[in-house]
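Asker: Fit chain B to the supplied structure of chain A, relying on the hints for placement.
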Amino acid sequence: MTGTTDDAVLRLEAVRKSFGEHVVLRDIELAVPAHSVTALIGASGSGKSTLMRCANLLEEIDDGAILLDGEEITDPRADQDAVRRRIGVVFQAYNLFPHMTVLDNITLAPRRVHGVAKAEAEARARELLDRLGLAAKAKEYPDRLSGGQQQRVAIVRALATGPRLLLLDEITAALDPELVGEVLAVVRDLKEQGMTMVLSTHEMGFAREVADQVCFLDGGVVLEQGPPEQVFGDPQQERTRQFLSRIVAAGRLAG
Amino acid sequence: MTAGTAQGGRPSGGGRSADGGVPGAGAAEPYRPSARRLARETYRRQRARRSALIAALSTGGTALVLYLVVVNSPGWERTRDTFFNAHYAWQALPEVLRGLRVNLELMAVCGVLILLFGLLLALLRTLQGPVFLPVRLLATAYVDFFLGLPMIICLLIMITGVPALRLTGVTTDPLLLGGAALVLTYSAYVSEVFRAGIQSVHPSQRAAARSLGLSNAQAMRYVVLPQAVRRVVPPLLNNLVSLQKDTGLVSIGGVIDAVYAAKIITSQTFNYTPYLVSALVFIMLTIPMTRFTDWTTARMNRRQHQGGTV
Numbered sequence: 001m002t003g004t005t006d007d008a009v010l011r012l013e014a015v016r017k018s019f020g021e022h023v024v025l026r027d028i029e030l031a032v033p034a035h036s037v038t039a040l041i042g043a044s045g046s047g048k049s050t051l052m053r054c055a056n057l058l059e060e061i062d063d064g065a066i067l068l069d070g071e072e073i074t075d076p077r078a079d080q081d082a083v084r085r086r087i088g089v090v091f092q093a094y095n096l097f098p099h100m101t102v103l104d105n106i107t108l109a110p111r112r113v114h115g116v117a118k119a120e121a122e123a124r125a126r127e128l129l130d131r132l133g134l135a136a137k138a139k140e141y142p143d144r145l146s147g148g149q150q151q152r153v154a155i156v157r158a159l160a161t162g163p164r165l166l167l168l169d170e171i172t173a174a175l176d177p178e179l180v181g182e183v184l185a186v187v188r189d190l191k192e193q194g195m196t197m198v199l200s201t202h203e204m205g206f207a208r209e210v211a212d213q214v215c216f217l218d219g220g221v222v223l224e225q226g227p228p229e230q231v232f233g234d235p236q237q238e239r240t241r242q243f244l245s246r247i248v249a250a251g252r253l254a255g
Numbered sequence: 001m002t003a004g005t006a007q008g009g010r011p012s013g014g015g016r017s018a019d020g021g022v023p024g025a026g027a028a029e030p031y032r033p034s035a036r037r038l039a040r041e042t043y044r045r046q047r048a049r050r051s052a053l054i055a056a057l058s059t060g061g062t063a064l065v066l067y068l069v070v071v072n073s074p075g076w077e078r079t080r081d082t083f084f085n086a087h088y089a090w091q092a093l094p095e096v097l098r099g100l101r102v103n104l105e106l107m108a109v110c111g112v113l114i115l116l117f118g119l120l121l122a123l124l125r126t127l128q129g130p131v132f133l134p135v136r137l138l139a140t141a142y143v144d145f146f147l148g149l150p151m152i153i154c155l156l157i158m159i160t161g162v163p164a165l166r167l168t169g170v171t172t173d174p175l176l177l178g179g180a181a182l183v184l185t186y187s188a189y190v191s192e193v194f195r196a197g198i199q200s201v202h203p204s205q206r207a208a209a210r211s212l213g214l215s216n217a218q219a220m221r222y223v224v225l226p227q228a229v230r231r232v233v234p235p236l237l238n239n240l241v242s243l244q245k246d247t248g249l250v251s252i253g254g255v256i257d258a259v260y261a262a263k264i265i266t267s268q269t270f271n272y273t274p275y276l277v278s279a280l281v282f283i284m285l286t287i288p289m290t291r292f293t294d295w296t297t298a299r300m301n302r303r304q305h306q307g308g309t310v
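Residue numbers (this note's numbering), protein chains in the order written: chain A, 1 to 255; chain B, 1 to 310.
Just chain A, same shape as in the assembly (with noise of 0.2 angstroms):
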């Protein structure tokens, strides 16, 4: 694994999170190294989403605790708002508002939250939708947009605050090939400006590619955890290759 767990960003310790007696996360171990790029794979209903959820603290877990620059952010005591300032998140729905310009999306914010002066916080949203070619694209309203676009500005939005960590839910799911391919090249560029992530993903091609370390989840538990290489390449758990080999099957490892 990459990296100490002293500078990793995000760390998640012994985490335990069920809901009702369906216990959904089991002793999650993981740390996040600071422009690292982790990959959750594994099953619908394995646990990505819900761990994601919890490092966001829409989800407050049961056990263990989760850090955030080595700030137990866990703790009843912690600021959750503060929290949630530091972490960009986006989801596998889009969740823009739609009653809001594109740009209005974007700058809420940096201007309600982190006091950026309106002038200021269009021209930096401008600037982020110029890089990921939707320039055109700040005074339409969201619904108007195609998916791979709606989710690129659900991108600047959880950019345009300058988080220290950006999670992203299934980013890709709800969008066919080739919209596919334009919201992961946006990811491609956060990892080379050494963007700090977490994603979950069933991309494997990309997760391969992209990813520092990758994190297979099954039933609650990260059953397998290493390099690309290792988890895809030499996976140690029988569970691990039957998921892969199905995935190849499916053809979805390609790359």
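Since the hints were derived computationally from the structure, they do not count as laboratory data. All values derive from a computational prediction rather than experimental measurement. Every residue gets a Cβ at the ideal spot worked out from N, C-alpha and C, and that includes glycine. Keep in mind that the hints are not guaranteed to be accurate.
Claimed, not checked - Here are the simulated distance ranges between beta carbons:
#1 A:D79 <-> B:Y67: 33 to 43 angstroms
#2 B:T59 <-> A:E192: 55 to 65 angstroms
#3 B:T59 <-> A:G115: 28 to 38 angstroms
#4 A:K139 <-> B:Q205: 18 to 28 angstroms
#5 B:A35 <-> A:G133: 34 to 44 angstroms
#6 A:P227 <-> B:A55: 30 to 40 angstroms
#7 B:R221 <-> A:F19: 25 to 35 angstroms
Answerer: Then chain B, alone, in the frame of chain A:
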């Protein structure tokens, strides 16, 4: 092994040993809360106790201040005798309750009619196609007219105007005519509430329903309306509470409802306690209704939405 069985009886999170996991954390062992969790829960309990204490102190303090201000006001003795007189309260209670029957009956019957008529008006206004233009226009005109018409004038026209026509076969009962006036006016309010609810359902829902082959009417009936109605339950309840109080207005036609009963006693005794009694009775009716709506909406949210702390 499928994902399903994997969740059932997994022996241990084997892969975790690679990164030096917590010793003895195998899932086969029964789960035991860690010290960290226990400390967190203790802290939360302390916070909860502290919050409860602060709430109690703050409420008690506010109540005390209000009490002292009222009791020490110069006219308190006099006010207490005119508004809080136990003797008159007991005298008025049975009369007020008898009058309340009128309010309750009006509310129940008119409430149902208003919901049906209001919904019909809202639906008529959503009809598409050129054939329905006159229907849409009529419904819109109706709503515009009765939204603007003051309730009391509508009541007067119905209660005094309709009998003056001397039509055979048409009732002159002020209770029925007053109830009709309530239905006419409130249907316009309620239709606007329904229409707002229908419009708040995202167009993608209609698109999904229509693409399944449902007709416009079916899409409305099975997809849009169920969502719309749930959304407007709180404002509808607001209208119902308002209606409950407005039922008292039929007393201008001579019907003895709870407020009118109180008024009769007051005019005989020059004591205002009966009014207070009827006010309390209305409040007691409203509280369970609002709590019931809170409960149903909360249950709906729990069932439909993903959990979470924000």
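Asker: Look at each hint and say if it fits the structure.
Answerer: Hint check:
no.	hint	verdict
1	A:D79 <-> B:Y67: 33 to 43 angstroms	holds (38 angstroms)
2	B:T59 <-> A:E192: 55 to 65 angstroms	holds (58 angstroms)
3	B:T59 <-> A:G115: 28 to 38 angstroms	holds (36 angstroms)
4	A:K139 <-> B:Q205: 18 to 28 angstroms	holds (26 angstroms)
5	B:A35 <-> A:G133: 34 to 44 angstroms	violated (51 angstroms)
6	A:P227 <-> B:A55: 30 to 40 angstroms	violated (53 angstroms)
7	B:R221 <-> A:F19: 25 to 35 angstroms	holds (33 angstroms)
In the structure shown, a violation is registered for the earlier hints numbered 5, 6, in ascending order.
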